[in-house]
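4 protein chains.
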Amino acid sequence: MIIILDVDASTEELERDLHDKGYVVHTLKGDTHVLLYVMGDTTELESRALNAHDGVVDVIRTKEPYRYVNRPLPKERPLRIGKRRFSEMTPFIIAGPCAVESAEQIAKIAATVAKAGAHALRGGAFKPRTSPHSFQGLEREGLIHLRKAADEAGLYAVSEITDKEDLSFFEEHVDIIQVGARNMQNYDLLKALGKAKKPVLLKRGFANTVEEWLLSAEYLLMHGNPDVILCERGIRTFDSATRHTLDLNGMLYAKQITELPVIVDPSHAAGDYRLVEGLSKASIAAGADGLMIEVHNNPFQAFSDGAQSLKPKRFEKLMRAITAYTE
Amino acid sequence: MIIILDVDASTEELERDLHDKGYVVHTLKGDTHVLLYVMGDTTELESRALNAHDGVVDVIRTKEPYRYVNRPLPKERPLRIGKRRFSEMTPFIIAGPCAVESAEQIAKIAATVAKAGAHALRGGAFKPRTSPHSFQGLEREGLIHLRKAADEAGLYAVSEITDKEDLSFFEEHVDIIQVGARNMQNYDLLKALGKAKKPVLLKRGFANTVEEWLLSAEYLLMHGNPDVILCERGIRTFDSATRHTLDLNGMLYAKQITELPVIVDPSHAAGDYRLVEGLSKASIAAGADGLMIEVHNNPFQAFSDGAQSLKPKRFEKLMRAITAYTE
Amino acid sequence: MIIILDVDASTEELERDLHDKGYVVHTLKGDTHVLLYVMGDTTELESRALNAHDGVVDVIRTKEPYRYVNRPLPKERPLRIGKRRFSEMTPFIIAGPCAVESAEQIAKIAATVAKAGAHALRGGAFKPRTSPHSFQGLEREGLIHLRKAADEAGLYAVSEITDKEDLSFFEEHVDIIQVGARNMQNYDLLKALGKAKKPVLLKRGFANTVEEWLLSAEYLLMHGNPDVILCERGIRTFDSATRHTLDLNGMLYAKQITELPVIVDPSHAAGDYRLVEGLSKASIAAGADGLMIEVHNNPFQAFSDGAQSLKPKRFEKLMRAITAYTE
Amino acid sequence: MIIILDVDASTEELERDLHDKGYVVHTLKGDTHVLLYVMGDTTELESRALNAHDGVVDVIRTKEPYRYVNRPLPKERPLRIGKRRFSEMTPFIIAGPCAVESAEQIAKIAATVAKAGAHALRGGAFKPRTSPHSFQGLEREGLIHLRKAADEAGLYAVSEITDKEDLSFFEEHVDIIQVGARNMQNYDLLKALGKAKKPVLLKRGFANTVEEWLLSAEYLLMHGNPDVILCERGIRTFDSATRHTLDLNGMLYAKQITELPVIVDPSHAAGDYRLVEGLSKASIAAGADGLMIEVHNNPFQAFSDGAQSLKPKRFEKLMRAITAYTE
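Residue numbers (this note's numbering), protein chains in the order written: chain A, 13 to 339; chain B, 13 to 339; chain C, 13 to 339; chain D, 13 to 339.
There's no promise every hint is true.
Identical chains blur together in the list; that is why a pair holds if it fits in one copy or across any two.
What the hints assert, rightly or not - Straight-line distance between alpha carbons at most 27 Å, and here's what the computed DSSO-like set of lysine-lysine pairs gives:
#1 K127 x K95
#2 K325 x K267
#3 K323 x K127
#4 K160 x K127
#5 K120 x K33
No wet-lab data here; the hints were simulated from the structure. None of the values given here were measured: they were computed from a predicted structure.
Required output: the full structure, derived from the provided sequences and hints.
Next up, the structure:
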């Protein structure tokens, strides 16, 4: 860590304080500023508090704030979904409706997406909705339908958890537990999922930086769960012409820091099914490890997010395009 | 609700479907578009799903999406903090450290802010921190220190909850339960707080629209808690010169829709104590019902957010300025 | 256009006023609102002024605000760069340094990018720099070097204009005149370029909506120049980890509205050469009509934007990847 | 300037290069990084180009990028509007319509705002409009009407320039020449206004950082015009409920760096007249040196921006409130 002070600031108190905390400090005096170079692991030093010290102009972290997400992945213990290695299935395709609406609906869509080549079935059962007046999901019953539909179609099951009370029920019924964008900074939930026996799919919050996203993954890893898949799903910007803006810059930047797999959800990023195909191809071309796509057999009747769901025919076409691409 | 379709789109299926759901629909055919005006309470109709219908160009909600937050406040049951009416204490001033660090620290700051005229003492015990390596709070022990310090100084106590498991402990130890910006869309927590016996201070998420903020308040009201105080605390924008951007437009816009009190947290909005005085005055001048200000006797030693905390002297000066202002 | 009023608002004055302006108005009275449907070309009606009328709740444009950019392109008069049809050269690749620094530098880079397969050479001569203390470009001398280097390498020349006074000099020396992001809403410049004898490359402003971008193109078309190429180059968002965020959503959305070609500048969108390859592939996969890429033989010595420039070797590799892609 | 490199990076080439450019460089080797402290005026060193050097992790400017805007104002040559000192008139109030529509309109509004206590009359004659189909202003005729109306009412005249060709006409007809938000980075215009004989009111671009805004002021000062008034007018954020978001953080932050006066335009920041009063009071309370407010006698008939204009009665009320405030 580098602390930059005005050239005439007193550094004594600050240096003493840092020594007391066990740090070795080197000092360099320039023409207009003094630099303190703080050696060692400064992860726990609060740069904002240091900023409050008289004469401090800036505090620069020279090291990344991570201890876990930036480590090489353990070769001897690769990420598995069910019994298969994740790396053998890339690009890993998760598809299905926004919400599980009935046993019939989810079974029908499961059969469709399996035939088209998807690896996993998505379907929300606990829906965090902006309005309390919107459909809130079938809850545990929905997870039971999802599991059954996935099994019959030979797919893995993915669903979003919102409350740690439901964790053991999720562990029994799904293969990947999803943390939604709105809960990316729900740290009590993340700590609980650090103890989960299943992989976690961590969506990026729609207004969170890549660093905040990776630090949320850090909570999962630090609390014991090494099986984390990151998912970029669009960020909030000034232009509301499309629902969100897919941030492939962020996806690529995350991949420079971490070896954890990063997939993309083009459906939420677009909010409009007509953009999903283009964004899906772009994501795979840029190097994403997979996709999470909303598919619904009757988007107009969908209980939620109908406008961004692909009909089965379009999904099949997209799958063919992507396959051609990655062969 | 108004549904706008292309002039040559077929509206039959859509009209029948809406009739089946119990809505009365009026139709107007123009030169380039057809309008369907849907009468009645359309709060539960998903505009995104309607958008998926062939020929639909746009769906306009003519009514606000609220049923509770836009109602007049009940005169016969005014908001009380402890035994006093909130309206008798405006501008309501909450002050104190970001985090409770020890019994001594919180007691000392409590005495200081009470003397300067604050009504309530803030102090975080459960801290939702971006990094798992940052100080996470003293937890229940911190709440006990906070309660004791508040009582001795004759102040109300305010602290942030992050997990509904702690609710009864919060109800016993604080006068106002705070929901932080990161948990504004943690709907399971909001539903639980709808049953709480204490008023809730609901902070706006740093990248949430005013509508999303009011809909989170709607969760609290709908689930049974009428005692909600809203708190604007700055939003995330493209300019990182200051930590966040205080959104007084949003504060004023919220006040056009709801009668719930709206206070402002200039400390988090600024991220720099030098801006806090100006933003505090601005907030009160614009019509805010109160302020939530970070005060720390030794910002440099603060475990978190030191740079934005006022020292006691500056806080006293600010309180005098605000009092002069509102007399 | 639809004007939505409160159900008890008086519409008489408004209707009379619209009739006086020559519009036919249909009225529909619902349960909570009255709608006025205004027939005909309402492009010149100011929705913000209508909003000021008592009782008006909202004003909805049912038609796009465009008259030119949303028209089919004239088949009989296709866009040509020099003597070749643009459509025969897609994906159209523009490459070169941020700024022309000397005759030698630009000649050397021109030879390199031509060999790798680029169609056109970029090089700024009039540089709009954020700071007046930064290098401002070689001006007219730079354009002469650019033209010579392009000719020797068999490339088209592209450069940015900032002042309409220089228009005839640009017409003589370049094949495509570029309008930079900062001048996207410099309407006096756009009006002058509407009379230009060369195609215009219109970059999207880094904080402009797609609608604003297309309306700037509308200025060019309306003032007489049908030869417009749009260029998405990244937008400003809350995350500053990468310089800008490439907005492929916006690129795809623009393509739904207009048939004008849309290319992508991944270099400015990334601000870091390590992201350029991924974003380039993504753009082409999503359907962009071309790329504009910064290439410099010595990025460290570059007078501007060195960090985002590719070295020749990386550019060659990227060209091979893209070619493989589009075959 | 501080250049941070990986601890094992070679610094030789970089150091030699910096020495060749005349800089003295000090080196400090830490545990994980090497720091180069570059002494002297590094304003012209491109940090982005340095970043392209192998092993460079970050480049930190320890000094502000300004040479002019951060200087103390010359006491012996204070800013004057006409013959009066600006400092004797604060808060300096500019009021009037968005656009000059006719001689009668501007004369009527001038009389109204003068009576209420305004110092200057605004009125656009050259209007930079997003759409080419919107009213573009009365141009030179409009300026003549504005001058006449201002003179009769005893007010100063303020209007926006968009093309440097009109500069001498503006110098003759207005007392303050305004640069609009869209032209804040039109550096050719700024260079020309650096030679202007009248003070310049520089609006902040709606998506420009405070640093970019001050660097645009730097262009004016560096090219010879010391008489610059800055104007914050709202920034573009993710929430479109209000037109823009007034950035008082930015206003206060700018005032920490520069002694140039900073005023606020709450009308464009709000986009809705109902928010203007609250934002005006907030701005003055926060310490703004003045206001620029849109007033129109018939907002509904206004050619532009009617929804955000105050009617004369509301403006008078606001002026009384502000006067009470600053006495």
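**Prompt:** From the Cα coordinates, with 27 Å as the cut-off, is the pair K127 and K95 best called within, between, both, or neither?
**Reply:** Cα proximity of K127 and K95: one copy only (21 Å, versus 49 Å across).
**Asked** Using 27 Å as the alpha-carbon threshold, which applies to K325 and K267: within, between, both, or neither?
**Response** between (32 Å within a copy, 23 Å between copies)
**Request:** Classify it for me, K323 with K127: is the Cα-Cα distance of at most 27 Å met within a copy, between copies, both or neither?
**Result:** Within one copy only: 14 Å inside, 45 Å across.
**Request:** Have a look at K160 and K127 and pick one of within, between, both or neither, based on CA distance no larger than 27 Å.
**Result:** Intra 17 Å, inter 58 Å, cutoff 27 Å: intra-copy only.
**Homo-oligomer pair classification [K33, K120; C-alpha up to 27 Å]** = Answer is between; shortest inter-copy Cα gap is 24 Å, intra-copy 61 Å.
Of the hints listed earlier, there is not a single one the structure fails to meet.
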